[in-house]
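Visitor: Sequence:
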Amino acid sequence: MFADNGRISKRQLALQLMLSFGGVLLLVVPGQEGFAGREGIFGLMIGYAGFCLYLFFLMRLAGPCRDPRRTAGKAAGVLIAVLYGLILTVTAAWLLQQMGKIGSRYLVEGADENLLILLLLAVAALGTGRDVQRRGRLGEALFPIIAAALLLFFLLALFQGDSSYLMEAEEVTARGILEKGWLVFSLVSLVGVMPFLLGRVDRYAGAAGRLRWSMGTIFLFLGASLLLLRAVFGQEGIRYKEFPMADLMGGTSLPGGFLQRLDILWITVLMLSLLFAVGSLLFYAGDILERFKLPHGRIPVLAITGFLALPAVTGSSLGENYLLLLTRVGAPVLLAFSLGMSLMGRREG
1 MFADNGRISK
11 RQLALQLMLS
21 FGGVLLLVVP
31 GQEGFAGREG
41 IFGLMIGYAG
51 FCLYLFFLMR
61 LAGPCRDPRR
71 TAGKAAGVLI
81 AVLYGLILTV
91 TAAWLLQQMG
101 KIGSRYLVEG
111 ADENLLILLL
121 LAVAALGTGR
131 DVQRRGRLGE
141 ALFPIIAAAL
151 LLFFLLALFQ
161 GDSSYLMEAE
171 EVTARGILEK
181 GWLVFSLVSL
191 VGVMPFLLGR
201 VDRYAGAAGR
211 LRWSMGTIFL
221 FLGASLLLLR
231 AVFGQEGIRY
241 KEFPMADLMG
251 GTSLPGGFLQ
261 RLDILWITVL
271 MLSLLFAVGS
281 LLFYAGDILE
291 RFKLPHGRIP
301 VLAITGFLAL
311 PAVTGSSLGE
321 NYLLLLTRVG
331 APVLLAFSLG
341 MSLMGRREG
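Each residue of the sequence shown is one higher than the last, beginning at 1 in UniProt numbering.
Since the hints were made in silico from the structure, they are not lab data.
All figures in this text were calculated on a predicted structure; none of them were measured in a lab.
Don't take each hint at face value.
Computed beta-carbon distance windows for the label pairs [claimed, not checked]: (1) S317 to R210: 21 to 29 Å; (2) L324 to R105: 22 to 30 Å; (3) R137 to R203: 15 to 23 Å; (4) F159 to E290: 46 to 54 Å; (5) E109 to T173: 39 to 47 Å; (6) L53 to E290: 25 to 33 Å; (7) L126 to G63: 27 to 35 Å; (8) T173 to E290: 39 to 47 Å.
With a straight-line cut-off of 16 Å between C-alpha atoms, the simulated EDC-like cross-links for lysine to aspartate or glutamate are [as the list claims (entries may be wrong)]: (9) K101 to D202; (10) K74 to E290; (11) K241 to E33; (12) K10 to D202; (13) K101 to E290; (14) K293 to D67; (15) K10 to E113; (16) K101 to E113; (17) K101 to E242; (18) K101 to D112.
Cβ atoms here follow ideal geometry from the backbone N, Cα and C, with glycine treated the same way.
From just these sequences and the hints, can you work out the full model?
Guide: Structure (structure tokens):
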């Protein structure tokens, strides 16, 4: 399982990666225009290729990130820590807003989104302590349940499809493919926190292959889901759905009419995966602040997340602008900081 106190295995690391990104990608990507077609599939390929290259680079930052404050220096270290933490915190707030929408629409119709978000934040906050092993064990416990449920729902949804929708004419452009590839890569660029965790992974040197396989599995499932969405709703039908995967699974049923409201189980599984992702974002945001010798970082992380996530405070601005901010600001900043840590690490060496 793990070598000693405060360390996790490569398997636990990979499962955390799959749980953290699986639900997020299934929530976000299908709802973006034009993804349920050839442009989307090619965009996924580009995004995954970018992830593999980025991971290759990140694995070599484990040394400089063991003591990031010493590597970056005091002033630069504070800047890096705050911006890293802010990107993760804003992402967690945005995810909580999406979960609030899904919960009030599919689980508890008409529920107050603000109260639901606060409840979800409180649950996610339980996993923001300093025990990385506990998150590893939690990931091991949740993954088989979530993976089995997703596979079951996918198989049941296959019976809803019409293959003729897959033959619909569509415009494919190089620009469209690159834009979709960059969006996908921007979402997975949050893996930029990986070097700060590698020092607590047992024999992390061999982890890259397992992580590539894990994310590759997620991308294959996502690609198959996009094709299934196209077969069920058609190219035009998907365009008007905010959460296509939720609508897709909402139409599934078991033979014989057993469990008529199977959609509730699906939404629950999706929310569980997203809740794990939020917990991971909050955990690593606080952890990075403390690694840069900024004490008590977890309290402001939770406070800022709650403030930004509440529609009563920020309205719809975060939900409408997050992906734009991520692609134009968040991902470039993460790439720049990774490069900066590499250069400063070489200077120290």
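Visitor: Run every hint past the structure and note whether it holds.
Guide: Evaluation of the provided hints:
Between S317 and R210 the C-beta distance comes to about 39 Å, which lies outside the given range of 21 to 29 Å. Against the hinted window of 22 to 30 Å, the Cβ-Cβ separation of L324 and R105 comes to about 23 Å, which satisfies the hint. A C-beta distance of roughly 19 Å is found between R137 and R203, which places it inside the suggested range of 15 to 23 Å. Checking the proposed 46 to 54 Å range against F159 and E290 shows it holds: the Cβ atoms sit about 50 Å from each other.
Restraint check, E109 to T173: a C-beta distance of roughly 40 Å satisfies the suggested window 39 to 47 Å. Separation of L53 from E290 is about 29 Å and conforms to the stated range, judged on CB atoms against 25 to 33 Å. Take L126 and G63: their Cβ atoms lie about 32 Å apart, and the range 27 to 35 Å holds. At roughly 46 Å, the beta-carbon separation of T173 and E290 lies within the given 39 to 47 Å, and the hint holds.
Annotation: proposed proximity of K101 to D202 is violated, straight-line Cα distance about 39 Å (limit 16 Å). The straight-line distance between the Cα atoms of K74 and E290 is roughly 13 Å, inside the 16 Å bound, and the hint therefore holds. For the suggested pair K241 and E33, the alpha carbons sit about 10 Å apart, so the restraint of at most 16 Å is met. A threshold of 16 Å between alpha carbons decides the hint, and for K10 with D202 the separation of about 7 Å falls inside it, so the pair holds.
Distance check on the hinted pair: K101 and E290 sit about 32 Å apart at the alpha-carbon level, beyond 16 Å; violated. At roughly 10 Å between alpha-carbon atoms, K293 and D67 fall within 16 Å of each other, so this suggested pair holds. Between K10 and E113 the CA atoms are separated by roughly 37 Å; this puts the pair beyond 16 Å, and the hint is violated. For the given pair, K101 sits about 7 Å from E113 by alpha-carbon distance, which is consistent with the 16 Å threshold.
Restraint check: the Cα-Cα separation between K101 and E242 comes to about 10 Å, which is no more than 16 Å; the hinted pair holds. Restraint check for K101 and D112: satisfied, since their Cα atoms lie roughly 9 Å apart, inside the 16 Å limit.
Hints 1, 9, 13, 15 from the earlier list are contradicted by this structure; the remaining hints agree with it.
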